[in-house]
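Asks: For reference, the chains in residue letters:
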Amino acid sequence: MSATIDFTIDGKEIKGQPGQTILEAAQQAGVYIPRLCYMKGLTPWGSCRVCTVLINGRPQAACTQPVAPGMVVESNTDKVNALRRNIIDMLFVEGNHFCMFCEKSGNCELQALAYRLGIAAPKYPFMFPKRELDMSHADVFIDHNRCIQCARCVRASRDVDGKHVFDFADRGAHRRIAVDAEAFLKDTDLAVTDKAAEACPVGAIVKKRVGYAVPFGQRLYDKEPIGSEIETAAAK
Amino acid sequence: MAKPKVATTSLAGCFGCHMSVLDIDDRILKLIELVQFDKSPIDDIKKFTGRCAIGLIEGGCCNEENVRVLQDFRAHCDILISVGDCATMGGIPALRNMVPLQECYEEAYLKGPTVHNPARLIPNDPELPLLLDKVYPCDEVVKIDYHLPGCPPSADTIWEALVALLTNKPVQLPYELVKYD
Chain A
1 MSATIDFTID GKEIKGQPGQ TILEAAQQAG VYIPRLCYMK GLTPWGSCRV
51 CTVLINGRPQ AACTQPVAPG MVVESNTDKV NALRRNIIDM LFVEGNHFCM
101 FCEKSGNCEL QALAYRLGIA APKYPFMFPK RELDMSHADV FIDHNRCIQC
151 ARCVRASRDV DGKHVFDFAD RGAHRRIAVD AEAFLKDTDL AVTDKAAEAC
201 PVGAIVKKRV GYAVPFGQRL YDKEPIGSEI ETAAAK
Chain B
237 MAKPKVATTS LAGCFGCHMS VLDIDDRILK LIELVQFDKS PIDDIKKFTG
287 RCAIGLIEGG CCNEENVRVL QDFRAHCDIL ISVGDCATMG GIPALRNMVP
337 LQECYEEAYL KGPTVHNPAR LIPNDPELPL LLDKVYPCDE VVKIDYHLPG
387 CPPSADTIWE ALVALLTNKP VQLPYELVKY D
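Going down the list, the protein sequences come from chains A and B.
Number 105 in this note's numbering belongs to position 105 of the first sequence; there are no gaps in the numbering.
Numbering-wise, this note's numbering comes out as the position in the second sequence, counting from 1, plus 236.
Keeping only pairs whose Cα atoms sit at most 27 Å apart, straight-line, the calculated DSS-like set for lysine-lysine is:
(1) A:123 <-> B:405
(2) A:163 <-> A:207
(3) B:379 <-> A:79
(4) B:405 <-> A:79
(5) A:163 <-> A:195
(6) B:370 <-> B:347
(7) A:130 <-> A:208
(8) A:40 <-> A:208
(9) A:40 <-> A:195
(10) B:239 <-> B:283
(11) A:223 <-> B:405
(12) A:208 <-> A:163
(13) A:123 <-> B:379
(14) B:347 <-> A:130
(15) B:405 <-> B:239
(16) B:370 <-> A:123
(17) A:223 <-> A:123
(18) A:40 <-> A:12
(19) A:40 <-> A:163
(20) B:266 <-> B:282
(21) B:370 <-> A:130
Worth flagging that the hints you see were computed from the coordinates, not collected in a lab.
Based on the sequences and whatever the hints tell you, model everything.
Replies: And the structure:
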């Protein structure tokens, strides 16, 4: 094994491997950096900016930035967490996130990050955009109301399933996940067993006939904050 | 010393959050020792009798009467708390925010599959509170001091927050008590 790359996160000394990203090296050392568009096994995308850290004082996405010797990284500080809270707040107000009837509630990464960052209610006015549902596919549906455009389905379908079912259509505020400019999900070769069908961090791409399978109190983020599995794994 | 007063109201809500207040079970006896209820559906007092320490708001604002009641609460309460998802983000009533108001009226009174309305009239009596263009979370109408999300927030969440405020402690709820569902 080649030499380690030594750097610090919030004063803690981390030994990274050459080619690792800051997020991966931190995770190996038991330091959780909040993330949303990052998913293990997918090409890092760097679009949600929730994993933003300060490297020698400059903001960078920890999921795409490789480790370098001697870098001083700030992550779990008031300043950086305030930036992350703002991003989560904006994601909540720009879509229609009705947690009270969402199948993903309790297992949703957006919601879990809001819990972890201590958000009781977003501080911006809600936009309540009009968004569509695509219920055409036999086994999977898309609820655009909940989509946060993390592109995990795009990458999972393209890189893991080898299908390229999803991509983005339109621009700016009108940007949306699409299967084609005009087609519906039923017109694609998406299968319910595809990685793309389970890559969604929120309740935008959901398998049908699963519903509210896990009772309150037993869901992923009911008792412990998101990321605590990384922190406790290192403590053992 | 007189007990601090607490007022509560349900605006565009379903009374589920008030049910959650009652769900504190026998702690309601302790609550009665700590506070006196003022304007509230719990004791059916219709008008404020004076200054209140805490106002609990269930529901967002869907009509002009909700706005007036909310402003009245802000004027009479030292601390105003949004209780539940409707008060904090609009909740289920805000599902109509994606539909123009005229279309909502037409669906409810003219086009809906179960509508029987031979006169084809959309109610427009001055006695009826005028609907707002959309449903607003409370903090888009008045200043709100604390948010307790949840549908409804659990009895423990409401209890812990109330006790902290009444005993002059910071409201720091444990992780499992702040949930959006």
